[in-house]
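Full structure from sequences and hints, please.
Each chain, written out:
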Amino acid sequence: MNIAYLTLGLIAIYLYVSFVSLIWEGVDRKLVARMQRRIGPPVLQPIYDFLKLVSKESIIPRDANKFFEIAPVLALASSIALLAYTPLGFEPLLATKGDVIVFIYLLALIAFVRVMGAVSSGSPYAQIGAQREIIMLASREVPMMLGLFAILWRLSKLGVEKPFSLGTFYQYNIWEIGTPLTVFGTFVLFIVFLLWLASEIEVGYFNIPEAETEVAEGPMAEYSGRHLALFKLSSALKEFASASLVVAIFFPWGISGYLGLTGIGAVVLDLLFHTLKVFIVLFVSMSVFRAITGRLRITQAVGMFWGRILPMSFIGVLLIVIDVLGVIA
Amino acid sequence: MENRVEYWVKIPIGPIHPALEEPEKFIITLDGERIVNVDVKLGYNLRGVEWIGMRRNYIQILYLAERMCGICSFSHNYTYSRAVEEMAGIEVPERAEYIRVIIGELERIHSHLLNLGVVGHAIGYDTVLHLSWLARERVMDILEAIGGNRVNYAMNTIGGVRRDIEDKHKRAILEMIKYYREEVMPKVEEVFLYDPTVEARLRDAGVIPKRIAIEYSAQGPTARGSGVEKDARYNEQLGVYPDLGIKPITPKEFTGIIKGDMFDRMVVRVGELWQSMELIERALDQMPEGKIKAFPKDNIALVRLKKAEGEGIGRYEAPRGELIHYVMANPGSEIPERWKMREPTFPNLFAVARALVGEQLADVPVAIASIDPCLSCTDRVAVIDAKTGKKKVLTEKDLLKASIEKTREINPNIKAKPEPVGGTCGGVRL
Amino acid sequence: MKIPPTLSVVLKNIFKKPATNPFPKSDPIPTPEGFRGKLVYHVDKCIGCKLCITVCPAGVFEYVPELKKVTLWLGRCVFCQQCVDVCPVNALEMSNEFLLATYDKYDDNLRWLKNEEIEEMLAKQGGKTKKYRVIPEKCKGCTLCARNCPQNAIEGSPGKVHKIDPNKCVGCGICATVCRFGAIEEYEE
Chain X
16 MNIAYLTLGL IAIYLYVSFV SLIWEGVDRK LVARMQRRIG PPVLQPIYDF
66 LKLVSKESII PRDANKFFEI APVLALASSI ALLAYTPLGF EPLLATKGDV
116 IVFIYLLALI AFVRVMGAVS SGSPYAQIGA QREIIMLASR EVPMMLGLFA
166 ILWRLSKLGV EKPFSLGTFY QYNIWEIGTP LTVFGTFVLF IVFLLWLASE
216 IEVGYFNIPE AETEVAEGPM AEYSGRHLAL FKLSSALKEF ASASLVVAIF
266 FPWGISGYLG LTGIGAVVLD LLFHTLKVFI VLFVSMSVFR AITGRLRITQ
316 AVGMFWGRIL PMSFIGVLLI VIDVLGVIA
Chain V
-14 MENRVEYWVK IPIGPIHPAL EEPEKFIITL DGERIVNVDV KLGYNLRGVE
36 WIGMRRNYIQ ILYLAERMCG ICSFSHNYTY SRAVEEMAGI EVPERAEYIR
86 VIIGELERIH SHLLNLGVVG HAIGYDTVLH LSWLARERVM DILEAIGGNR
136 VNYAMNTIGG VRRDIEDKHK RAILEMIKYY REEVMPKVEE VFLYDPTVEA
186 RLRDAGVIPK RIAIEYSAQG PTARGSGVEK DARYNEQLGV YPDLGIKPIT
236 PKEFTGIIKG DMFDRMVVRV GELWQSMELI ERALDQMPEG KIKAFPKDNI
286 ALVRLKKAEG EGIGRYEAPR GELIHYVMAN PGSEIPERWK MREPTFPNLF
336 AVARALVGEQ LADVPVAIAS IDPCLSCTDR VAVIDAKTGK KKVLTEKDLL
386 KASIEKTREI NPNIKAKPEP VGGTCGGVRL
Chain D
958 MKIPPTLSVV LKNIFKKPAT NPFPKSDPIP TPEGFRGKLV YHVDKCIGCK
1008 LCITVCPAGV FEYVPELKKV TLWLGRCVFC QQCVDVCPVN ALEMSNEFLL
1058 ATYDKYDDNL RWLKNEEIEE MLAKQGGKTK KYRVIPEKCK GCTLCARNCP
1108 QNAIEGSPGK VHKIDPNKCV GCGICATVCR FGAIEEYEE
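Protein chains in written order, with the working numbering: chain X, 16 to 344; chain V, -14 to 415; chain D, 958 to 1146.
The hints are all genuine.
Think about it this way: if two alpha-carbon atoms lie no more than 30 Å apart in a straight line, the pair counts; the simulated BS3-like pairs of lysine-lysine are: (1) D:K1088 / D:K1071; (2) D:K974 / V:K153; (3) V:K282 / D:K1026; (4) D:K974 / V:K163; (5) D:K959 / X:K292; (6) V:K244 / D:K959; (7) D:K959 / X:K45; (8) V:K172 / D:K969; (9) X:K292 / X:K172; (10) X:K292 / D:K974; (11) D:K1007 / V:K291; (12) D:K1007 / V:K278; (13) D:K1007 / V:K282; (14) D:K1002 / D:K1062; (15) X:K45 / D:K974; (16) V:K244 / V:K172; (17) V:K282 / D:K1025.
Residues of chain X placed beyond 12 Å of chain D at every Cβ, according to the derived structure: (18) L59; (19) L68; (20) S73; (21) M160; (22) D338.
These are computed hints drawn from the structure, not numbers from a lab. Predicted, not measured: the structure shown is a model, and the values here were computed from it. Each residue gets a CB set at the ideal place from its N, CA and C atoms; glycine is no exception.
Below is the structure:
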């Protein structure tokens, strides 16, 4: 792929995804408000918020160090890099073998940069929020990675050109293997992935680092103006990318094949259909989840990860492994 | 062996904090997420109400007392009139007592529904907040129809009540009770007794053992949730409450075990909602006919009070605990010599501050919300001069002057003129 | 992990209408009977007994001695309805108007018996109003009256004879009380 095609593609994806993820945030707030019998803000509100934040003054606390200003830029850069590896209805832009490792690494890097930015701001509220974020980061990636690698390993047995790449989901699909063990194991892993998605976005049970009633916005407590706008945009991009991963694993079917389109038309149509599927997955995992649950304590949330979600993930993986090795005929 | 360095952080919760409804300062010493010490500092909400009260006559203080708090406004009104009636020996007709019971219980329903929502918000469960405040609208509509206003329904006067409950109000109240029994209470019970988030956050957190509740003199649902059977309507045999069959409610009747944690306090509030609805129905049945005021016109009351002497204490079980007003008469004048009130949140705050030691930081806002703080009633301020260590109590005039100067300093273009407009009041030019 | 009981409630709520009344775009909810709104004052019925001044907790009423009636400053009203209860001739009642917010403390909506109406009624009363004027021979120019006049109607520099502006004078008589030299006299016009 030549550089020009790559750069233009990345810029186009970045603009599209940032617009769409901000619109989704507006739709989500409106839906949650309707669930609570309220009217809710206008759907374009997050875009207005972003524009307003960009035009305001950024206040830098006296006790902050140099990293305070670099952190938002790094976070946004990591999110844009993440977009180059996201499956969006078609193969990711920079797909190679093993690029799923880069994807997970970038997800963790964004959270890590947030924590560093929070710690360098010098506020005690931010310190508490940063502690919570780090421990949740360490706990939530483990079940997800286990499940993801098991599914990719299973798919690579079917003979793909780039093993352990996110592009394999568009060649073969985990549901089409069809044996009862795999189907049941995949279903268990689906539940694990939905919970992982909720904790990656930090809503509902897992709204712990940015708990507004307890620590007054946690890691973001001292950010304002342009820096806060960049952090919010990078969160929105990360949200979309995580949900794209879940959709690509479990519902990767496109519709342009049925309609017989090719070329640019197929790409655009696949992208739109993928966005629709992402919205539906986010509705279940973010809006409904947010409306029916409160916030747990950090010890309870970590206990839930290591005590319930990790065993569930083990069971799913075990079922898939048994199916591959053919222990039970 | 080296000494371990401890990284303890001191965090202020308040005076302005998203978790608190009203300004109060808790300085919490933290070791990671575990709380080591809690220090309570009050005084951010002083309005000089007692100073204003010393310049108003008996009838005017009724409305001043009512506006001390928005949620328990009827309780202050009622307790003050009981104190004055006891001081002057005024007899209240029976129909007026029944009407007072009905309005008091309606206020209790609305206050407990409000608190259920606030606790829901403190644990991050916003749906409970919006749905329970929506359910509260029915009660507010009834109170508006009876009293004329949604808060501050000035129903009491010295020697009776000012408005009567007519048949159409009675029908509306009975319909409201039916609606609550069938539609709202089952949902409230489902959420507060069986929901996983509520159980995970509120169980075994913020425990106040029975001994501490008695030592620190906790009041209201805070004490009853720990097993202390204390209810001013029952212990003092207040008014017509003994005829209506009232008993203090403890969690034993709902869940069977008493642990004294936040979950138990919410269970007590849910139980009191049921009890208030029964009390209102019985009171509407048993209410006799008759007059509602001891004096047909209030200026006669003033004349009678001018001759009174002595002191009176009024008590009542406000939704948060026992409320006490004390009035001392100045014979020959329409202005009382002294008026003092003690509100229930004051001891409750210290009890809960003591109970929070050893818990996690995440429990602090929820624990404070679960005692239902109403700091509008609580404050007094003392200013300590850092250099000389002398104490000085600021009065309303000082605070007003200081705030006018500060406003002019911040914004010299402000056009409002802080000069008084209107008449005199009790002889003092305002 | 249990399913929270609010799930069914929340999903049904998506299809119901929101419970909020979007107020400036739609009408406010109608008020019930007996609502305590803005005070309505019937001037002709007032007999000047001053009972309302005794019981009002906020200082809304001000007595106008020449007319023997009260004037109202509704910016201070707390809507307690105590004045309606004590008035012996039912000159006061409460309407159900509550949209009273304004930026100006002296707004017309917040006054009953405004200054112009007081003047009219005084003029009709005897055809004459009481005012005060300076007797030039006795005035020593000490500026005491000018400093105490609540309407700032007296002009003059120290040492010179002072002059009272008859358009601003309302006849309160404070200047006559403070003048040490008896240089201010009353007259009717």
